[in-house]
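Protein chains in written order, with this note's numbering: chain A, 457 to 1081; chain B, 33 to 191.
Some hints could be false.
Unchecked claim - Okay, derived cross-link-like pairs now, DSSO-like style, lysine-lysine, Cα gap no bigger than 30 Å in a straight line:
| id | chain 1 | residue 1 | chain 2 | residue 2 |
| --- | --- | --- | --- | --- |
| 1 | A | K598 | A | K570 |
| 2 | A | K1075 | A | K1063 |
| 3 | A | K712 | A | K831 |
| 4 | A | K818 | A | K854 |
| 5 | B | K85 | A | K906 |
| 6 | A | K1063 | B | K61 |
| 7 | A | K818 | A | K712 |
| 8 | B | K61 | A | K1066 |
| 9 | B | K34 | B | K189 |
| 10 | A | K922 | A | K697 |
| 11 | B | K61 | A | K1054 |
| 12 | A | K906 | A | K816 |
Claimed, not checked - According to the in silico footprint, chain A covers these stretches of chain B (three or more CB under 8 Å from chain A):
| id | region |
| --- | --- |
| 13 | 39 to 48 |
| 14 | 51 to 65 |
| 15 | 70 to 78 |
Claimed, not checked - Chain B side only, calculated, beta carbon under 10 Å to chain A, not exhaustive:
| id | residue |
| --- | --- |
| 16 | G140 |
| 17 | K143 |
| 18 | A161 |
| 19 | A165 |
| 20 | E178 |
Since the hints were made in silico from the structure, they are not lab data.
Note that the Cβ used here is the ideal one computed from N, Cα and C, for glycine as well.
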Amino acid sequence: MDVKDRASERSVDTASQIMLREAERQGIDTAWDRLEAQQPQCGFGELGLCCRNCNMGPCRIDPFGEGPDQGVCGATADIIVARNLLRMIAAGAAAHSDHGRDITHALLLTAEGKSGGYEIKDTAKLNALAAEYGIDTEGRNKEEVAGDLARAAYAEFGNQEGPIRFTRRAPSKRVELWRKLGIDPRGVDREIVEAMHRTHIGVDNDYVNLILHGLRTALSDGWGGSTIATELSDVLFGTPKPIKSMANLGVLSSDKVNIIIHGHEPTLSEMIVAAADDADLIALAKEKGANGINIAGICCTGTEVLMRHGTPIAGNFLQQELAIITGAVEAMVVDVQCIMPALPDLAGCFHTKIISTSPKAKFPGATHIEFHEDKAFDIAKEIVKAAVENYPARNAAKVKIPDEKMECMVGFSVEAIVNALGGSLDPLLDAIKSGAVKGVVGIVGCNNPKIQHDYAHLNLVKELIKNDVLVINTGCNAIACAKAGLLLPEAADQAGDGLKAVCRSLGIPPVLHMGSCVDISRILTACAAIANALGVDISDLPVAGAAPEWMSEKAVSIGTYVVASGIYTVLGAVPPVLGSANVTALLTEGAEDLIGAKFAVEVDPFKAAKLILDHIMAKREALGI
Amino acid sequence: MKEIFIDIGRCVGCKSCELACRVEHSRSKNLFAALSESPLPRRRVFVEYGDGKKVPLQCRHCCEAPCVDACISGAMKWDSETNLVVHDREICVGCWMCVMVCPFGVIGREKDSRVAIKCDRCYERDEPACVEACPTGALLFTTLEETEKLRRGRLVKAL
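Okay, chain B solo, but in the shape it has when bound (with noise of 0.2 Å):
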């Protein structure tokens, strides 16, 4: 199963992940005619800088989610099926209360609305739109096999 990986040390800050999250995340799907769209389609990704370093964060799609636990209308769901954490928008009260549970800060608002969104992790794309969008392989879709070996390469060729 693949993941959304985040490959620290990559990130040069230039948000083209965020600009295509948001013209995935359009109706036009097209970055010129998104501009002009009402509301205007909102991130799911946020490239935060801080201590030097540069860091996309999105949801982690977490098993045991603190935001699933904290829903009181139940739209935000763990779907067993796909391993995503879904969320449902028609039934989404705006309570805010997976905005305060969630560690990662990743979970924003509608415009213009009392929804919650966050990453759907563009389950209708073979790769989601950010890694795509990637220019440095900060971001990665890949199993986290894949990256466990990676990340030992790495350390061989440390040593």
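Only chain A is shown next, with the shape it has when bound in the complex (with noise of 0.2 Å):
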């Protein structure tokens, strides 16, 4: 096979296959490779078949019946996939949670005094999340407020009884079946530590208990961790609103200090952006003969920043090598979750200087300047000068910087939705009654090397939208749908006829950007303003939830608090729950029945689409419009 074959197959992104043939050119491996030399993967792992809870072990069930089929404590193929997948859920919420408590603990220093350089820019949202936690306003300053305001979420994650709070924004109806069946969530931690607990050797060994559990912890996640982190980054930062930018790789520049910000939590990508306006850095970048500093993201950190500043986005989760590979970048800034461990090693093949921030994320071979938010503007200007000493360094011979770049508009918070639908939900509420639009679908996640690269997510999003679905996104769904135009009010055009006119007379696009992956908690907080709306239950309304090209924990514990929240939910990608036909069964048929909703798994993203479309359209039926 030919390069170009191969590097057309592993992407459908221009400048990433531009990338590919280059990384092929000079024999440098990229997750591609990585994945192809791991082949084939055990079997007994895509079950989820496999167990090392304990020392007795590693145990693993033969699925075809013929070896063994328990573990040395006796555990069944029901126990060990459905530990498995509650150990894969509580480390998700654990990775989301952990990421709001960090902006958390922001805001409490800002409103202390303590912080390098924040400050609370959204003042109405502070006051609307006050009032929600009953924190008194009248007469006080906004630092007070912000003050008990972190302290009353940081509480939730130490919360033993519960209730927390943002989950009473859903339904009521959904907060009893929640109470009903036992998994309204107490505490962030809580939850995930009693994952950990049932899972150890002979704790809880009733796969229905375990899985229950599961949701209850993912719930914790998305209404606690998760918007916790959405919504004190929307006071520290501000609200997004609609702003327009561009993405892809071809937003590096061939003359400027490149710096990539690689990560996921605001807290320093805000900083870096700050600090590369220092006049002080940008006469030392023309000293160094650059013709400034850019700054642009991948994934999460580099979303929060595209959609407050309209910083651009070089590429989402694939494209993190890929980037390195353009000679390019003089720093690559990391923080916290899907920086892959490969970077300082390829970053060694280039001028590019991998710089580690975060305590909790340390990796061999990158330069570690640790960032601590009550100094954080000024660790944020040492990050920005360490990389524009490094421009001198760039080997002019080995840039390639791809032309490939796309305008879009980002930014759709629920908050920026409501106003651009006039200042209410209602007009969207009569598109949908009138059947204009159809439904409205959250896509989401990851890439994953297993599926060609943006191929799933722009399909399934092509393929809604023609049928007058609204898409709203967040991660790398939005980062590829940016790259592909589809975030353009002039993307209505490949919408059908009712979602078109509706775009256009709001003048949006028909995928709305809502922003990083904790963000998906904007998207739960869109549906139970709907639900309650219409006096119904988030499982009555005609949405569905979607992740093509998923790959991580985070993601397992995002579907299962979709689907906690009565959110119908396809995978791109076989979770490894398999190698038990009962906990298959529970996901994605009794849990209908349990929650009002369930999984499905097609990797087809053209079956897919059918899928959720006929679910929109039963949901439409059944609720007689």
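Assemble the dimeric complex from its two separately framed chains, guided by the hints.
In structure tokens form, the structure reads like this:
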């Protein structure tokens, strides 16, 4: 197979294909090559049938019934698969929620006047959240209110008895169902700790009981940790409003210092963006022969500044290595989550510095400049300076920046959508009732080299808008759509007649960018608001969720809290549960009776679109619209 | 001519070969789909453990095979063209003589039927599924000469 074919088999994105060919030419391995080297992957792992939870093991169950059907402790396929799934959910919930905790910490420091550079940007949101928490705002300054809000949010993590405040945004019918099933989350940390306890040898051995706790843990993420992360980020950095920017590797500059911010938490990326405006650093860049400083994002931390400042986004998860291969990146500044450990070795082939910043995430081979919120701006300047000073090391002969970049309109927070609708949800509800818009689907999640890069994301989105379904998205799906021009009002041309007319009258794209992966909480908030406006449960709405190219444990937690919130969810990659027919049946069938929603797995995006459309039409019929 | 060799000492006991063997001998050739087939596909390679050693075993395709001698129906035959011991399930009577005489214990039964099954060395593939699935190189598909050379090389290094 020639080089060209391989690159185009791996990604549908032209810029990525160009860089993949360049990688091949230079003999550089990327995630796609490492996936190939891993083939064939372990079947026990693929089926979720391997247990390493105690040292009598490791044990695995023979899925074909010839070998052992129990581990040493007696755990069956049902128990092992359910325990492994619960641990994945716990890890995902922990990642999102620890992010939320860090944002809370930054808000508290800011309120106490101890943070180095942050300020409270959105007082209206601060007051709205304070009201939700019953915090007095009358005659108090914003720092006092923010301090109380941060302490109240902090307390949600260690909350022992519940409820988690933001869960009460859900329709009362939904909350009642959670209580009836015993899955109304009590506190973020408590559910995660209990998940680890239950999956210890010899504790919870009932797969239904294990999965129910999985739902509770995931709910503590979605309506707890993730919502806290989103809402307090808005208070600190501003609630996103529609803004235009550019997406794809072509945003890298041939004559400026390129700094890529990669990871997840806006506390760092906000400060890097601010530091890049520093006159002294710009002067230093010029002194070093550059024409300025160019910041671009990858993954969710990039999305955070994309939607608040219009900072261009260089790509999604599978483009992190490709960005370095352009040879034009002075520094890739990383914090936490989805940062490949392969980066420092790869950067060693170029002049690029990988700068790690989180005490939680160190990378052998990287430069570590630890980031602390109390000295945020000063540390950000030090990081930007390190990048600027690296500019003379750039080897012009090695620079290859693809031309591809696309304009995008991003930043549709719930508040921005309501604003675009003229101040209330009514125009959207009317459009849904009239059938101009058939339904709303949230499409989220990662990239996964097992799936042709961006192929499933883009085809699912296009297929849905063509059928008059409004798409709202976050994370790597949103970046895929940005690169493909789907986040522009003009993309309404690709929508069905009903959706096209709605988009044109409001001047909005048919695909609304709602933010980073913690911002899937915005989708929950939006669904709750729509359900409450109609006086129904979320599970009654003509809505669905999809994660066409998912790979992370965070995605497992997301999928689970979305389903537990009553939203039918289609996964594009097979989760490691098929080793237990009972667990599989519970997730894909039984959950419907239990919680009013279920999972489906469909790797073909066209067939996934069909599943979703059928679901939406069935929900419409049940609502009598 | 290539054959399956075992590099004793490299097997970690993961049983990936057993899974790959069953997928290869399923109708769908897909792990997820194979789980719901009836009858379930059976393995032809067995990872055995004894005395601290883990060893994957499958039909050695002996030239003077006891199973061929013992087969009363003529189902078990030596194919001189491919140098494989082949088994014809259609005329197998399920007397288990082959099972009793095989010194390696690598002839099994088809699930829910009285028909013997054994390794066919994935004759339709370039490389047997078990060898391809082995993550540590405990299973090798190579010539006798290459295997000898490998072992001589190791001896030299150890001197």
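These are the hints, each one checked on the structure:
Restraint check: the Cα-Cα separation between K598 (chain A) and K570 (chain A) comes to about 15 Å, which is no more than 30 Å; the hinted pair holds. Distance check on the hinted pair: K1075 (chain A) and K1063 (chain A) sit about 19 Å apart at the alpha-carbon level, within 30 Å; holds. About 26 Å separates the Cα atoms of K712 (chain A) and K831 (chain A), which keeps this hinted pair within 30 Å; it holds. At roughly 28 Å between alpha-carbon atoms, K818 (chain A) and K854 (chain A) fall within 30 Å of each other, so this suggested pair holds.
Between K85 (chain B) and K906 (chain A) the CA atoms are separated by roughly 35 Å; this puts the pair beyond 30 Å, and the hint is violated. Only pairs whose Cα atoms come within 30 Å are accepted, and K1063 (chain A) paired with K61 (chain B) is accepted, the gap being roughly 22 Å. A C-alpha spacing of about 28 Å is found between K818 (chain A) and K712 (chain A), which places the hinted pair at or below 30 Å, so the restraint holds. Pair hint K61 (chain B) plus K1066 (chain A) holds up; C-alpha atoms about 26 Å apart against a cutoff of 30 Å.
Distance hint between K34 (chain B) and K189 (chain B) is fulfilled; the C-alpha atoms sit about 25 Å from each other, no more than 30 Å. Restraint check for K922 (chain A) and K697 (chain A): the C-alpha separation of about 26 Å stays at or below 30 Å, so the hint holds. At roughly 28 Å between alpha-carbon atoms, K61 (chain B) and K1054 (chain A) fall within 30 Å of each other, so this suggested pair holds. Between K906 (chain A) and K816 (chain A) the CA atoms are separated by roughly 28 Å; this keeps the pair inside 30 Å, and the hint holds.
Given as covered by chain A, the region 39 to 48 of chain B passes the check, having 3 residues with a CB less than 8 Å from a CB of that chain where 3 are the minimum. Against chain A, the region 51 to 65 of chain B contributes 6 residues with a C-beta closer than 8 Å to a partner C-beta. That satisfies the three-residue criterion, and the hint holds. By the rule of at least three residues with a Cβ nearer than 8 Å to a Cβ of chain A, the coverage given for the region 70 to 78 of chain B holds, with 4 such residues. Of the supplied interface hints, the one on G140 (chain B) holds, with its beta-carbon coming within about 8 Å of a beta-carbon of chain A, less than 10 Å.
Evaluation of the K143 (chain B) hint against chain A yields a held restraint, the C-beta minimum of about 8 Å falling below 10 Å. Interface restraint check for A161 (chain B): the shortest CB-CB distance to chain A comes to about 9 Å, inside 10 Å, so the restraint holds. Because the closest C-beta pair between A165 (chain B) and chain A is about 5 Å apart, less than 10 Å, the hint holds. With a least beta-carbon distance of about 22 Å to chain A, the hint placing E178 (chain B) at the interface is violated under the 10 Å criterion.
When each numbered hint is compared with the structure, violations occur for hints 5 and 20.
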